[in-house]
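A.B. asks: Take a look at the letters that make up each chain.
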Amino acid sequence: MVSTSRHLQQTKQRLWLNVGVTVISVLFCLLILPVRLPGMELLGIAPNWLLIWVVAWSVKRDPFEGAIAGLVLGLLQDGMTAPLPTHSAGLILTGILTARLQKQRYIQEDFVSVALITFGMAVISETAMAMQVSLQMMIESRQILPSLSGVWLYHQRVALSSAIISSLWAPVLYYPLNRWWEKQGIVED
Amino acid sequence: MFAIRRWWGLYARRAGLIALAVGVAWAIRVTQGAVIYEIYQWITYPLQAGLTQPEQIENAYVLELQERIVELENQNQSLKSLVDYKANLPGESVTAAVIGRSADHWWHQVTLGKGSRSDIAVGHVVSGYGGLVGRVIAVTPNTSRVLLVSDPNSQVGVTISRSRVMGYMRGQRGNRVTVEFFEKNPDVKAGDVVVTSSYSRLYPSDIPVGRIESVNLSKSPAPEATIQLSSPVGALEWVMVQPFEPLEDVDGPPVELVPEGEP
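Residue numbers (the working numbering), protein chains in the order written: chain A, 1 to 189; chain B, 1001 to 1263.
Just so you know, these hints were derived from the structure itself, not from any lab.
Yeah, the Cβ is synthetic: ideal placement off N, Cα and C, and Gly gets one too.
Relax, there's no trap hidden among the hints.
Covered, in the sense of this in silico footprint (three residues per stretch, anywhere, with C-beta under 8 Å from a C-beta of chain B), are these stretches of chain A:
hint, region
1, 19 to 30
2, 34 to 41
3, 82 to 92
4, 125 to 135
Partial list, derived from the structure: chain B residues whose beta carbon lies under 7 Å from chain A:
hint, residue
5, A1025
6, R1029
7, I1036
8, A1103
9, D1104
Extracted from the complex, chain A is given alone in its bound form (with noise of 0.2 Å):
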């Protein structure tokens, strides 16, 4: 009796303990977003720190977890930007995506294949932006199709720049994260 309680004991203190990691790597997401450290921006776009939290979330998680992960870090970057267009969108699929990538089955577990799945959903999720600025576009604007061109122009750029970045920089949240969730068995190894 008096082991079983010790263990429940045990248990909630771990629990609070992985909610506390995870809520403080959050944190150091947001805080670093406005920063531009030299070395860490290209074209002057800087690393997408709450994309790269995702997809180091979603790795070894299901599509659901995924999901919410990239709600909740979509509604905190709209907090930090502009309510509208969402960056909710863009991060769900990112966390959809890359829980079904099932990464263990098919490419070898390394920083490598993290970093090219970073890249790809990079793309996705600026591609995700661009569509819904065009979609406002459309129902607000007058003049559409100079304006819809420059957003894709800027597409470009932007996706590019940021895919290429941010696979870079993954690894460096990416190993911790993961090393900290296999230690308390949350995540296989």
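Mind docking chain B on chain A? Use the hints.
C.D. replies: Frame of chain A, contents of chain B only:
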């Protein structure tokens, strides 16, 4: 009933955590990330730049003074013929450091290290060395967020200082800023000084904005000119925040400006 209770027994904690996470994220979204920006300000406070200003900013300042003189000369001429000229006196301005850039790739924003405690409020106009920079769109006690004029969502009514031709300026994605004119054949040439117009709802009139870089008169539906902003929007360190009351509701659709000289 039993199934629901069993489900609750199994997933109560998980559901609770998900609800908590979504709830907190929603709250932060609704409060425009106030908590995060306050923490950001608190952490970066020791790292914020001192009063060192590179030559670029000094040059921009000289450029601003030149533009102001051109604008004043032109204004003086037109003033002689006006009787009911009403001066809009600018209030006390606050100097604030830029402590962060935009938190994603689709918005051109900066974060300032002063907020409502320094009497900054939403709608106040931000200018840097060189001229107009943007306007405040969100404040927390110690930070404020500025939408730059280079953002596609900010539209500014502008006047060509030399010929008083009206137009409106909007940012294009990727650091280009263009002006669309209301007249079919505007009197504009490269090098002309651009200032905010008196029709602008969100900005006070006669703040220097930049110079015309190139003009494209054949552009449809309206002639267009590309502007070189005189303030280094990409490398801002210090800015001045000027109190300003927007004339109408900010979130409404942009008004159709009436070109000057037409009945």
